[in-house]
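In case you want the letters, here they are:
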Amino acid sequence: MNCSSRQFDMVCRIAGRFVCCLARTNLLLVSACLFAPRTATAESTFAPVVHRVQPQMVKIYGAGGARGLEAYQSGFVISPEGHILTVWSYVLDTEFITAVLDDGRRFQAELVGADPRVEIAVLKVDAEDLPHFNLDDAVDLAAGARVLAFSNLFNVAVGDEAASVLHGNVAGRTRLAARRGAFESAYDGPAYVLDAMTNNPGAGGGALTDRRGNLAGLVGKELRNKLDNTWLNYAIPISELQYSVEQIISGELRPRSAEPDVRRPAAPVTLALLGIVLIPDVLAKTPPYVDHVVASSPAEEAGLQPDDMILFVNDRLAGSASEFKEALTFIDRIDEVRLLVQRGQMLIETSLFVPDE
Amino acid sequence: MKRLIERFTPGLVALLLLGLPGVGSANDVPEQVLAAQRARTEAIARAVASAISVFSADGNGGGSGVVISPDGYALSNFHVTSPVGQYMQCSMSDGKLYDAVIVGLDPTGDVALIKLCGRDDFPVAVMADSNDVRPGDWCFAVGNPFLLATDFQPTVTYGIVSGVHRYQFPAGTILEYADCIQTDASINPGNSGGPLFNAAGELIGINGRGSFEKRGRVNVGLGYAISINQIKNFMGHLRSGRIVDHATLGATVSADQDGRIVVSNILESSDAYRRGLRYGDDVIRFGGRQIGSVNGFKNVLGIYPRGWRVPLTILRDGKEHDLLVRLSGVHAREKLIELVQKQAAQDRKQPKPNAPGEDPEKGPKKQPSEPGQEPEGEPDPPNSPHSSKTPLIPAEIAKLIEEKTGYANFYFNQQNLERVWNGCRSDGDFRNVTGTWTLKGQAADAAAVVFQLGAVESVATVPAGRSTVVAGTDFSEQLGPAGSGGLLAALHIWRKVLIEGPHKIGDAYYLGTQPLRGREGLYDVVVVTYDVVELHLSFEPGSGRLVAVEMFPEVGKDPCETYFDDYRDVNGLRLPHRAVVWHGDVMFAEIEFAEFDLAPAKEET
Numbered sequence: 000m001n002c003s004s005r006q007f008d009m010v011c012r013i014a015g016r017f018v019c020c021l022a023r024t025n026l027l028l029v030s031a032c033l034f035a036p037r038t039a040t041a042e043s044t045f046a047p048v049v050h051r052v053q054p055q056m057v058k059i060y061g062a063g064g065a066r067g068l069e070a071y072q073s074g075f076v077i078s079p080e081g082h083i084l085t086v087w088s089y090v091l092d093t094e095f096i097t098a099v100l101d102d103g104r105r106f107q108a109e110l111v112g113a114d115p116r117v118e119i120a121v122l123k124v125d126a127e128d129l130p131h132f133n134l135d136d137a138v139d140l141a142a143g144a145r146v147l148a149f150s151n152l153f154n155v156a157v158g159d160e161a162a163s164v165l166h167g168n169v170a171g172r173t174r175l176a177a178r179r180g181a182f183e184s185a186y187d188g189p190a191y192v193l194d195a196m197t198n199n200p201g202a203g204g205g206a207l208t209d210r211r212g213n214l215a216g217l218v219g220k221e222l223r224n225k226l227d228n229t230w231l232n233y234a235i236p237i238s239e240l241q242y243s244v245e246q247i248i249s250g251e252l253r254p255r256s257a258e259p260d261v262r263r264p265a266a267p268v269t270l271a272l273l274g275i276v277l278i279p280d281v282l283a284k285t286p287p288y289v290d291h292v293v294a295s296s297p298a299e300e301a302g303l304q305p306d307d308m309i310l311f312v313n314d315r316l317a318g319s320a321s322e323f324k325e326a327l328t329f330i331d332r333i334d335e336v337r338l339l340v341q342r343g344q345m346l347i348e349t350s351l352f353v354p355d356e
Numbered sequence: 000m001k002r003l004i005e006r007f008t009p010g011l012v013a014l015l016l017l018g019l020p021g022v023g024s025a026n027d028v029p030e031q032v033l034a035a036q037r038a039r040t041e042a043i044a045r046a047v048a049s050a051i052s053v054f055s056a057d058g059n060g061g062g063s064g065v066v067i068s069p070d071g072y073a074l075s076n077f078h079v080t081s082p083v084g085q086y087m088q089c090s091m092s093d094g095k096l097y098d099a100v101i102v103g104l105d106p107t108g109d110v111a112l113i114k115l116c117g118r119d120d121f122p123v124a125v126m127a128d129s130n131d132v133r134p135g136d137w138c139f140a141v142g143n144p145f146l147l148a149t150d151f152q153p154t155v156t157y158g159i160v161s162g163v164h165r166y167q168f169p170a171g172t173i174l175e176y177a178d179c180i181q182t183d184a185s186i187n188p189g190n191s192g193g194p195l196f197n198a199a200g201e202l203i204g205i206n207g208r209g210s211f212e213k214r215g216r217v218n219v220g221l222g223y224a225i226s227i228n229q230i231k232n233f234m235g236h237l238r239s240g241r242i243v244d245h246a247t248l249g250a251t252v253s254a255d256q257d258g259r260i261v262v263s264n265i266l267e268s269s270d271a272y273r274r275g276l277r278y279g280d281d282v283i284r285f286g287g288r289q290i291g292s293v294n295g296f297k298n299v300l301g302i303y304p305r306g307w308r309v310p311l312t313i314l315r316d317g318k319e320h321d322l323l324v325r326l327s328g329v330h331a332r333e334k335l336i337e338l339v340q341k342q343a344a345q346d347r348k349q350p351k352p353n354a355p356g357e358d359p360e361k362g363p364k365k366q367p368s369e370p371g372q373e374p375e376g377e378p379d380p381p382n383s384p385h386s387s388k389t390p391l392i393p394a395e396i397a398k399l400i401e402e403k404t405g406y407a408n409f410y411f412n413q414q415n416l417e418r419v420w421n422g423c424r425s426d427g428d429f430r431n432v433t434g435t436w437t438l439k440g441q442a443a444d445a446a447a448v449v450f451q452l453g454a455v456e457s458v459a460t461v462p463a464g465r466s467t468v469v470a471g472t473d474f475s476e477q478l479g480p481a482g483s484g485g486l487l488a489a490l491h492i493w494r495k496v497l498i499e500g501p502h503k504i505g506d507a508y509y510l511g512t513q514p515l516r517g518r519e520g521l522y523d524v525v526v527v528t529y530d531v532v533e534l535h536l537s538f539e540p541g542s543g544r545l546v547a548v549e550m551f552p553e554v555g556k557d558p559c560e561t562y563f564d565d566y567r568d569v570n571g572l573r574l575p576h577r578a579v580v581w582h583g584d585v586m587f588a589e590i591e592f593a594e595f596d597l598a599p600a601k602e603e604t
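Going down the list, the sequences are from chains A and B.
Following numbering that gives the first Met the number 0, the numbering of the first sequence begins with 0 at its first residue and continues without gaps.
Following numbering that gives the first Met the number 0, the numbering of the second sequence begins with 0 at its first residue and continues without gaps.
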């Protein structure tokens, strides 16, 4: 990622937090006075809150199906016109993503875009006036906050059956990076660590809310500590991913080929020039895995390795081998090729230059 | 700025409120919170008192349960009692250990009814209406996870209801969880069979299953409880001492591309077919519930015992039709017994704190074993302390156990048969009127009808003609009067049953409880097989009065249903002065009896 974009990203995030802080301070004042005496009645049941949140939940079906690789995950509606936020995963590695709304309606969903850095993807279904969460209204939570986690874990619900809801507390807000080496996750930013078993198969993409049903986070994927076989339950705060969502929806993370009036250079970069050999492209959406790196090539010089998976090319998503090759056709040989690759659970940024002839 | 003021206003109001008397300072806990806390601890205390921990007499396995009647009837899981056998010991939080015996089993629904002995004032759980349970409601499980309750004090785990009306496929075995309650209250191995309570401490379900996968057999936030409403439907059957079967419609449904639930297959021999259900019909409502998915349909099917009649509404050619369909059994009788025996043999090989059933979609799997627990599927070496030995049963308890094929405990069937028959006797002792019975009356159109019911031959004279039945010849072939489906044969056997009692007629057993056409509530049912036909006799709860006789001439044919009413005294015997007779969907007759002549014992040698 280049410097300016990261700085902009930071500024946006800081600005977002500042606004949130203001709102929170205000809210805290009010809540300290108002809510305490009402606690007893307010929490006699979460049923009305659950009832209100569930229509916004989405069941997502796609690739997978092998043991340990469930072909389903969760998501939630974030716009009345059918944008759905979910986690970026292998389930979306297919042309046919199905989204089932709470009322049982089934849609073939379009992948609008993804940001593997925060492990999110945005889907879109062709519907209107959907009950939805507004990301602008998302709340920040402190340790100890009561939370509800909505998801279709274990694919318990099908059709018009309501998503599951679990309850718990925020155990802490910390960076997942602190656990690198134990819990390997591509996402290393701030996360809510939860004391409830929210991150089960298929729960990724679920909604974390406060006890009133206000959106607070996106339930992450399953995360296992290889050293002691323990599992971490976490959610990514909405404030950490809202900027990415906006970028995806505005089209900034789309493959360039999806834009109508972009010129291709006369002499573009090719895989051969870079010294990258991908695994055979046999599927409709073969993930762009590096099979082989040619000796003394720009790829070797940049430190690429076999089994690296290419995620981004010059800040544009490369969702498949063919999209990656297509993306290269928009880059002139004289320009830098910036790649974001996933190696194991690590994200690595690197730059390649084609040497002058 | 205006916005800011608005935002602050509620806070200011609240600050003012804080100054009012009655609202404590910041250090005081508000009274409502204290009240909620008190209510919670009281509910838990009540609930804990009724919970039991189940231990097998030989130390091989165990689980949890809950007492539901002062005389000691208690619920648990089939998969808890299956490896334990007919005799077990149960601890309660009073610190005592009680002997218990198996009463009835519902293997498909994973329910076992047991009876604790030694008291008639057991603390009991109050049952709620589990249809009122909503996702988000607080709930708690009480039980014996990891068989921790060696001090007899059960474990309480609090959570919320995560989902209702869940359908969980049979998990490699016969256990099917239909219409169950999903909770995030911690359900672990050993919790099986234990109660799930609502926040008020009322029983809403029996815990028995969890979703597990790669994390070992410990709770991962998804436990499932059999709804107490389902168990209420099966309760009469469970008390019968039988191995109880679940039901099928005789038809399958699937969702079409428009999301309609349509009949995709139907057996022509099924009652559903005879009631008019056809391939392609759109299922709208079933058992009073709107049907929007195949799971929703299976949920309804899963809560009823075989033989129950359930209303079904279908849409065909834009018109709704209401049917009342009698459900048939899922398993052939022998098959069910075989499955239960197989399960028991398998369970005895897997001694452990009994584990909640596996997640259905995942099938059998290897999992990390629990500390102190053997890996799954490891058979016992011969003569290990775990292999099944017949435990020593106290003599008093042994009296409550009677083995018979097809029964969990035949003792309880006989007890109920006796109870029902004694109740019916309050309408009179017919043992001395063994001569011919002559019943004269008129049908709805004032036409005269006469039934002469004898020991060997019976004759019916109705406007349409005369018909007879003769004992010793195939009753399924003598179904007069025409159109009744066998009213005369039914009355012939009815007389015989009243005189001799069900025990002496042929094979008789207590079925359990069932609803009746057009009536509220559930009725005790005794099944009598005579000649080749089967009679279902229904008795009113409370009065014990015989109110219906349904005669099934053979499988795949509609019974003749006779509903008795207007009991009045005739020479010291109370007899029904009205009989309404149905065959299939048609009311055959409504008969008012004006004259009964019950001849006393005659000079037959």
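Calculated directly from the structure, the hints in this document are not laboratory data.
Values in this document were obtained by computation on a predicted structure and should not be read as measured data.
Don't take each hint at face value.
As the list claims (entries may be wrong) - Keeping only pairs whose Cα atoms sit at most 27 Å apart, straight-line, the calculated BS3-like set for lysine-lysine is:
1) B/Lys-403 with B/Lys-334
2) B/Lys-334 with B/Lys-231
3) A/Lys-220 with B/Lys-213
4) A/Lys-324 with A/Lys-284
5) A/Lys-225 with B/Lys-334
6) B/Lys-318 with B/Lys-231
*Can you give the numbers of the hints that this structure goes against, from lowest to highest?*
5, 6
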